[in-house]
Structure formats: structure tokens, C-alpha cells
Amino acid sequence: MDTCISGDEITGVVGFTHLYYCSVAYLLPTIVMVAPVVAGGGSASTLPPPPPPLDFPLKGIELQPCLPDHIHPGKTKITTLSNGIKIASEASSNPGTSIGLYVKSGSVYETPASLGVTRLLEHMAFKSTTNRSHLRLVREVEAIGGDVTACASRDQMGYTCEALKTYVPQMVELLVDSVRNQAFLDWEVKEQIEKAKAEIAQHANNPEALLLEAVHSVGYSGPLANPLLASQGSLNRINSTLLEDFVAANYIAPRMVLAASGVEHEELLKYAEPLLSDLPGGTQVEEPKSVYVGGDHRVTADTGGTSFALAFELPGGWLKEKKAMTLMVLQMLMGGGRSFSFGGPGKGVYSRLYLRVLNEYPEIQSFSAFSSIYNHTAIFGIQATTGSDFVSKAIDIAAKELIAVATESVVKGSPVPGRSGEVKQRRLIILNVRVVGLHMQLVASEDIGTQILTFGERRPVEYFLKAIDEVTPEDINSIAKELLSSPLTMASHGDVRNVPTYDSVKSMLTESKED
Numbered sequence: 001m002d003t004c005i006s007g008d009e010i011t012g013v014v015g016f017t018h019l020y021y022c023s024v025a026y027l028l029p030t031i032v033m034v035a036p037v038v039a040g041g042g043s044a045s046t047l048p049p050p051p052p053p054l055d056f057p058l059k060g061i062e063l064q065p066c067l068p069d070h071i072h073p074g075k076t077k078i079t080t081l082s083n084g085i086k087i088a089s090e091a092s093s094n095p096g097t098s099i100g101l102y103v104k105s106g107s108v109y110e111t112p113a114s115l116g117v118t119r120l121l122e123h124m125a126f127k128s129t130t131n132r133s134h135l136r137l138v139r140e141v142e143a144i145g146g147d148v149t150a151c152a153s154r155d156q157m158g159y160t161c162e163a164l165k166t167y168v169p170q171m172v173e174l175l176v177d178s179v180r181n182q183a184f185l186d187w188e189v190k191e192q193i194e195k196a197k198a199e200i201a202q203h204a205n206n207p208e209a210l211l212l213e214a215v216h217s218v219g220y221s222g223p224l225a226n227p228l229l230a231s232q233g234s235l236n237r238i239n240s241t242l243l244e245d246f247v248a249a250n251y252i253a254p255r256m257v258l259a260a261s262g263v264e265h266e267e268l269l270k271y272a273e274p275l276l277s278d279l280p281g282g283t284q285v286e287e288p289k290s291v292y293v294g295g296d297h298r299v300t301a302d303t304g305g306t307s308f309a310l311a312f313e314l315p316g317g318w319l320k321e322k323k324a325m326t327l328m329v330l331q332m333l334m335g336g337g338r339s340f341s342f343g344g345p346g347k348g349v350y351s352r353l354y355l356r357v358l359n360e361y362p363e364i365q366s367f368s369a370f371s372s373i374y375n376h377t378a379i380f381g382i383q384a385t386t387g388s389d390f391v392s393k394a395i396d397i398a399a400k401e402l403i404a405v406a407t408e409s410v411v412k413g414s415p416v417p418g419r420s421g422e423v424k425q426r427r428l429i430i431l432n433v434r435v436v437g438l439h440m441q442l443v444a445s446e447d448i449g450t451q452i453l454t455f456g457e458r459r460p461v462e463y464f465l466k467a468i469d470e471v472t473p474e475d476i477n478s479i480a481k482e483l484l485s486s487p488l489t490m491a492s493h494g495d496v497r498n499v500p501t502y503d504s505v506k507s508m509l510t511e512s513k514e515d
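Residue numbering for the sequence shown follows full-length UniProt numbering, beginning at 1 and increasing consecutively.
Think of the hints as simulated: they come from the structure by calculation, not from any bench. What you were told as hints is all true, and nothing was included just to trick you.
Pair ranges (Cβ atoms, derived):
#: 1; residue 1: LEU135; residue 2: ASP396; range: 55 to 63 Å
#: 2; residue 1: GLU199; residue 2: ILE61; range: 54 to 62 Å
#: 3; residue 1: ASP396; residue 2: THR241; range: 49 to 57 Å
#: 4; residue 1: GLU462; residue 2: VAL293; range: 33 to 41 Å
#: 5; residue 1: VAL299; residue 2: PRO487; range: 18 to 26 Å
Virtual Cβ for every residue (Gly too), placed ideally from N, Cα, C.
My request is simple: use the sequences and hints to build the entire structure.
This is the structure we're talking about:
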């Protein structure tokens, strides 16, 4: 109970109106105000002494030492069980933890008969298992204040659970059960197929996603051409048996990693090893090879405009780290964005494509660089959206911007990557994004899992920071030239009547390089 005395109640004291003195009854005794009579018929008050400052140590209280300004993350520890599965963890001082089960599986491992399975497996994540119903699973996640997610890509699949580290035993058991023992009930499969079809309908209004799919489907020959966004036809062919067969063939121990951020390694092993040691082993399967070929893809749609992408291949992928790091800096250097928004790393008012294109041409609604890096290959390009009457000019602009980063010429008075300060600024942005991201435990656990699947180990952040920091303007020029030496991949969506022919764009790029 609070005891409050208003200044209005202190007689004879002027200027204390609306002033309150409060004390908490169970902490301090109630302050009694005394108003002795003074000469002149007035009265005076004896105000209470001010409370001690908050930084004043109280008697009998032992002060704890201050935390250091920076706490280095714990070293990543990895244990490989006899069946080949890897269990990895990184301790931290955070009260929460993120645990993920990552699988070397994705659309590149699909066959013509199983196209679309990867996308549907993402929808089927954390549904009914052979041990618990979907309702029970949801209730158990809610009981620990947890959050579960699943993410599918072309070459990896991830399932994660986040909660306070007090609940590590429950998190590990729930996560392993959800991945190992999926029930694939017929009615749940049908329900998720309908949701996946609705997702396809939504993507019809997302030209950027459709262009990225088109670039892969026409640019590659082989598994990377498999669609990540499943078609309605492929979804109609999927059933419980097909899902079970795909999981049995791909979710094997040597292709899986249990990764955790915020958990002591011995504790993680204590709970995970009994649940994973009997997981089927099998032989590690090499990732199916894809061949980059380039090509042209056009889709007519009533979108009120035209979207297009020009893309090229960089061989090597993550297994050629120097090239991969340089490609990341190149994308950040190019940046871009939308004409009505700015901000965020690489897409604000200081990126090259924003300064040189979006600020100069109001006819262009969006104009940005994109890249996708895989184990053995990478693809890079520019995608844009504009009016159908301006698309020919926009493609010409995109071609010139790509040529600009491969040469030391001057385009519209702005130097290309030879300006080392510009490259340095983009490097710093990537370094900042990388370091800040790893402070998020979900990002950290994903980083552990995906790195081990890719490299067989978890490399420290300093390793990548050093690699990014060593990228020079000359490296940017070299990578851009190598990109442009590969076959052109061109995709367009919307009103494509005014889109130049593939051969004319290809010739434009060739002639510009020769000039």
C-alpha cells in the first residue's frame, strides 16, 4: 500500500501544489509531516530527507562484478555418432536456446515422380507423428513457450525449435520426434496440399519469386532446374506413400546435423544421443550435378507491367569460398530496391543501382541485384519491374550496369568498383550483418547446421570476416567478367510483347564488353 501526501496538504507552503511524496508502506515507514508554528503567524514544514541515489550501495548487500563489454561465443563442439549423424553445439550466456535438425535434402534430390515433395514437407512439418497428435504437439510447444519453424531450400531442409534453455530435454525430444516419426496422415496431407495450392495462387502476384524460379528452370539442366515452388500438377500426384519414401531415402544419419546455440555440448549429447543413435545410417550420397546452360523464359500475364531478370553463372559455389565472398560483396555493392522505399543493407539510397538507376529513371518501379549460391555453382543477376513501354530501355540499362562492374570505364560520370571506398563500405555492411545476425540464436544454430552440411565443419565468424575484408575492387572486376563470360539467362513475366529478343540482348552484352 502506498502512502502519499500532497503538497496541498502542507499548510503555509507556497509552490508545492501538485507535488507528491510517496513511500511504500512495506519498505519505508510512513513519513509524518510536521508543521511547527513560526513567527508571523505562518507555519513551516519539515520535509523528509531525499532517498539515497540508486548507485549508492546498501548495507549488507554484496555487489556483483560488472559484466564484460563483450562476451565471446563459446567454441563449437561436434560429436559424430556411430551411424554418421553429427551433433554440434555452441554454449552462450543467453537464457534462451535454439535447436535445429538440418538435412541435406531439397528439391535437387527430387525425381520426376517426386517433384514438389520438398515444398510439401515444409508444410507438413510439426504435424502429427506416430507418437503424438498435431494438437498435442501444439499444446506441448505452447507449454514451454516455444516456437517451431521449418524451411525448405533447393539443397537443404531445416527444422528448428526455440525456447528457454530450461526446456532443452523437451525441445530435443519434440524436435526429433517431429522429424523422425512423421505420420503423414492422409487427411493432413490433403489439407496441406490445398494450402500449398493457395500459396501458388499468391505467388502469381509476386513476379520476383516467379522470375527466380524461371531463372533456375531455364538456366540449369539437371536437378537445380527442379522447381522449389511446386506446380499444381505435381502437388496433385503427391500422397502419403510418396512422402514416406522420399523421407526414408533422404533423411538418413550421414546427411543430418543436430545443431544448437545456447546449450552445453554434454547436456545436448545426454538427451540427443539416445534418440538419434538408432537412426538408419546408409551411404552418403553425392549431390546430383547440374549443368548451367542459359536460355530464355517468357510468361504472359495481366500484371499491368513487365518484370524481367538477366542472370549469369559463377562456377564453384561455396566450395570456392573466395569467389563466393566476392559475389556477396558484388551483390551488396550493386544493391537496388524499389522506387518507393529505401533503407536496409544493400538496398538503400547509397547502393549503386539506387543511385544510378532508381534515382534517374522514374519509369522503373524496382531494380535490384540478386544471387543464389549453392555448393558447386552460383547464379547472379539483375531483376527489375517497369512499364511495358519502357522495358526495352530498362534491359539496356541493366546490361550497362553489369558491364560497368566488369570494367574500369565510367558510366554517367560515376566510377565503377575501382573506387575502393565504395567496395570498403559494402564490405563493412556485410560484416555488420554477419556479426549482428549471429547474436540471434536462431541464426546461430542455422549457421552451425548448414556449415557442417556444406563444409563438414563449423568455421568461426572471424574466418569469414577476414575473407570478406580481403575482397578488393580488382576481385569485383574479375568476378563480374567471369559472370558475363557465361551464357545469358533471361526471364520475363507480364506484358512481354516489348521485351527484346534473347539474341539481341546477348549481342548487346557482347558488343558492350568488346567496347
